[in-house]
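Trainee: Okay, so the sequence shown: first residue is 1 according to the numbering used here, each after it adds one.
Be careful, since some hints might not be right.
List of simulated lysine to aspartate or glutamate pairs, EDC-like, C-alpha gap at most 20 Å [stated by the list, open to error]:
hint	residue 1	residue 2
1	K85	D59
2	K34	E79
3	K62	E27
4	K73	D59
It is worth saying that the hints were derived from the structure and are not from the lab.
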Amino acid sequence: MEKRNLRKERIGSVTSNKMEKSVVVSETKKIKHKKYGKFVLQTKKYVAHDEENKCNIGDTVKIMETRPLSKRKCWRIVEILEKAK
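Kindly generate the complete structure, drawing on both the sequences and the hints.
Mentor: Right, dumping it as structure tokens:
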């Protein structure tokens, strides 16, 4: 039996749910600037597959890497950690 590699997981908030079965998830992290030492916010966007269209804007979700589902979509929603208020 072949051993499968570990898949990457990210936690972020949903910024757009206007597509069918897809959402845009933004992951924000603080990184330290190499030269000046100031902490800067860095945002990365992922297009994730949402099979049941359950996610709304502002939800905190956990996404996992998967096979390419379309040109830009290679992540899927694992679970909704926190619903938007």
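Trainee: For every hint, state whether the structure bears it out.
Mentor: Checked hints:
1. K85 to D59: 8 Å, holds
2. K34 to E79: 35 Å, violated
3. K62 to E27: Given that 20 Å is the threshold and the Cα spacing comes to 10 Å, the pair holds.
4. K73 to D59: 19 Å, holds
Checked against the numbered hints given earlier, the structure breaks only hint 2 and satisfies all the rest.
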